[in-house]
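Participant: Take a look at the letters that make up each chain.
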Amino acid sequence: MTASTVLVYLDVVPAEGPHKTQLELVAAGRILGPVAVAVANEPSETAVAQLAEHGAEAVYTPGSADLSDFLVAPKAAWLAAVVATAQPAAVVVDNSFEGKEIAARLGVRLSAGVVTDVVALEADGTAHKSVLAGSYEVRARATSQIAVLAVKGHAAEGAPAPAPGAASVHAVEVPGDAFANAARITARAERPKTGRPELTEASIIVAGGRGTDGDFTPIEELADALGAAVGASRAATDAGWIGHDFQVGQTGKTVSPQLYISAGISGAIQQKAGMQTSKVIVAVNSDPESPVFEIADFGVVGDLFKVLPQATEEIKRRRG
Amino acid sequence: MGDTLKIVVLVKHVPDAQFDRHIGPEQRLERSESILSELDEYALEAALQLSEARGGDKAGNQVIALTMGTPDAANALKKALQIGASSGVHVTDDALAGSDAWATSLALAAAIRAIGDVDLVITGMASTDGETSLVPAQLAERLSLPQLTFASSLDVDGRTAVIRRDGDASSDTVEAELPAVVSVTDQINEPRYPNFKGILAAKKKKIATFGIADLGLEPGQVGAAGSLTSVEQADPRPPRTAGTIITDEGDAGLKLVDFLAAQKLI
Ligand SMILES: Cc1cc2nc3c(=O)[nH]c(=O)nc-3n(C[C@H](O)[C@H](O)[C@H](O)COP(=O)(O)OP(=O)(O)OC[C@H]3O[C@@H](n4cnc5c(N)ncnc54)[C@H](O)[C@@H]3O)c2cc1C
Ligand SMILES: Nc1ncnc2c1ncn2[C@@H]1O[C@H](COP(=O)(O)O)[C@@H](O)[C@H]1O
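Protein sequences, first through last, are from chains V and P. For the first sequence, my numbering begins at 1 and goes up steadily by one. For the second sequence, my numbering begins at 321 and goes up steadily by one.
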């Protein structure tokens with residue numbers, strides 16, 4: 001491996017192959033240099049072949065060791081062991097809660113600077129991100145020998161490498177002390193799948209707030225007509241109308257889709273923090289004084305129970 | 321140690337997000353109009369509930385509010401004392417200016433060691449200015465403590481702490497033995513406000529102040545000099561301006577679709 005290798009960390013890769021977002025992360029790594037991948041479970045041959053096709057020159061695995069029953073710490077300890085073997089100049093992880101925490105601990109272990117929430121990377125390691133709830137764009141970098149970067153979805157498009165080779169597979173042992181002082185996961189309740197796109201991956205989001213009064217039907221029907229994800233304000237998730245994992249905002253998801261349709265949401269600062277970097281914002285609200293209209297490219301003062309169904313029917317009609 | 325708890329709550333003094341926030345010269349955040357970070361109120365509330373369930377200060381429990389920041393950051397501690405913390409610790413030193421998560425967690429870990437015999441460190445889920453969520457995990461790594469982070473519930477039974485952590489794919493129950501580092505989300509509780517009694521009581525509570533030398537640290541280890549990341553440029557994003565606003569006259573759904581079509585979004 002050359003000194004400029006980039007190590008991309010992927011959490012559990014499914015047997016049938018990496019997720020689209022995992023391939024985007026590999027592509028983000030390729031911006032910086034030749035890529036090796038660390039996979040937290042033992043990947044299938046299909047998965048290794050697809051990673052190779054997307055440019056991975058080496059794949060590191062924890063062998064048959066199971067890292068999934070503990071929170072964060074053993075994964076970071078193992079990743080530090082992979083870094084010691086692969087000697088990368090940078091480590092790229094996904095920007096999920098867990099990804100950022102793995103990055104955090106790895107940073108301490110490696111004496112490496114960590115940049116989170118990266119939306120774009122340059123070949124020299126410059127990272128672009130938004131700060132202060134989307135009000136500033138900054139260029140930042142790690143000044144340490146190794147950089148640790150937590151990268152958001154869409155930072156690069158997943159695509160096969162120009163001249164892919166085969167990837168060598170290496171098992172790196174999980175260090176003996178990795179499980180010391182680690183918190184145990186004692187129960188896990190899987191969330192039901194909705195069949196709609198993930199909030200952070202979707203190019204269109206239709207979000208509802210207190211104005212739905214608990215009835216998300218018009219939101220869901222418009223979302224389905226547009227192939228969109230469904231989002232919500234904290235008022236809607238706090239009321240229990242929809243799961244907290246659908247919350248957009250300061251303490252929910254930060255999203256920047258091509259189109260964000262906000263319905264029955266007033267546009268409080270904590271809600272704006274999660275969506276004001278969207279390309280196009282459409283707002284439907286019965287109160288012309290709602291702050292959401294200050295940031296909407298197209299606003300409708302009206303009843304969402306009338307406007308949304310009419311829009312849904314019209315989209316279906318035009319599509320024939 | 322018995323049943324009582326010694327809890328350190330991390331509270332950051334941050335610019336109030338209700339006002340415009342600005343990045344000034346040297347890419348540093350301007351720290352006027354600052355308050356106790358909204359998300360750290362949940363950490364304080366979680367600590368107070370654990371203490372009160374065990375008889376509070378009278379029974380020997382302690383909730384120590386800890387902040388690292390400018391001299392003004394003492395105001396965040398005063399607020400925490402008014403809300404109900406037992407005492408405060410203020411880490412402040414000119415050399416700390418410009419600290420990133422690496423340097424912040426170094427200084428805070430040293431302060432927690434100096435406080436000593438801590439059962440729980442409770443933090444917010446993110447600072448509302450740095451927004452990295454790195455500090456809690458870095459503290460756990462530096463202090464070799466179990467990490468129970470992004471907790472939407474927290475229970476302590478004997479020496480075992482149990483949290484619920486809500487992820488995208490699953491909701492997990494996670495547990496560890498004390499001492500531990502816990503970060504809490506805004507789902508965990510409803511923070512209380514300071515009341516008159518609390519405001520009076522706070523006047524008698526103590527704040528200890530530490531410089532970096534008191535923590536055994538050198539100037540080069542913290543602040544901009546000790547940090548491992550740098551912000552090279554910061555540009556304000558042009559504010560979004562309002563576009564076309566129409567009032568529904570029975571056909572706004574159709575006009576909305578016209579707009580989407582014109583923008584090539586459908
Ligand atoms: C620490 C903290 C963190 C927070 N984090 C978040 C976060 O991550 N995300 C978030 O969203 N909020 C967050 N909040 C809450 C935020 O401050 C607001 O309270 C919340 O966003 C309000 O939700 P809402 O707009 O749905 O409700 P409201 O503010 O009550 O607005 C409802 C809107 O619906 C409109 N309406 C009513 N009926 C109709 C109708 N039939 N048709 C059309 N419009 C209608 C009303 O005119 C009104 O504007 C946070 C708050 C705190 C303190
Ligand atoms: N300077 C600081 N002083 C006190 N607590 C802090 C400081 N920086 C971060 N924290 C704590 O760490 C949490 C996460 O912050 P961050 O990693 O900056 O997003 C915050 O909610 C605080 O509880």
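If you're looking for bench data, these hints aren't it; they were derived computationally from the structure. All figures in this text were calculated on a predicted structure; none of them were measured in a lab. The beta-carbon is built from N, C-alpha and C at its ideal position, and this holds for glycine as well. Some clues are possibly wrong.
[Said to hold, decoys possible] Computed footprint of chain P on chain V, listed as stretches where at least three residues anywhere in the stretch have a Cβ under 8 Å from a Cβ of chain P:
{"id": "1", "region": "86-95"}
{"id": "2", "region": "130-136"}
{"id": "3", "region": "163-169"}
{"id": "4", "region": "204-217"}
{"id": "5", "region": "309-315"}
[What the hints assert, rightly or not] In silico DSBU-like cross-links for lysine-lysine, where the CA-CA straight-line distance does not exceed 30 Å:
{"id": "6", "chain 1": "V", "residue 1": "306", "chain 2": "P", "residue 2": "584"}
{"id": "7", "chain 1": "P", "residue 1": "526", "chain 2": "P", "residue 2": "398"}
{"id": "8", "chain 1": "V", "residue 1": "253", "chain 2": "P", "residue 2": "584"}
Participant: Hint by hint, say whether it matches the structure.
Facilitator: A quick look at each hint next to the structure:
1. 86-95: violated (count 0)
2. 130-136: holds (count 7)
3. 163-169: Coverage by chain P is violated here, the residue count being 0 at a Cβ distance below 8 Å.
4. 204-217: violated (count 1)
5. 309-315: Satisfied; 7 residues make the cut.
6. 306/V / 584/P: This hinted pair holds, its Cα atoms lying about 24 Å apart.
7. 526/P / 398/P: OK: residue 526/P and residue 398/P at ~9 Å, within 30 Å.
8. 253/V / 584/P: The hint holds at about 26 Å.
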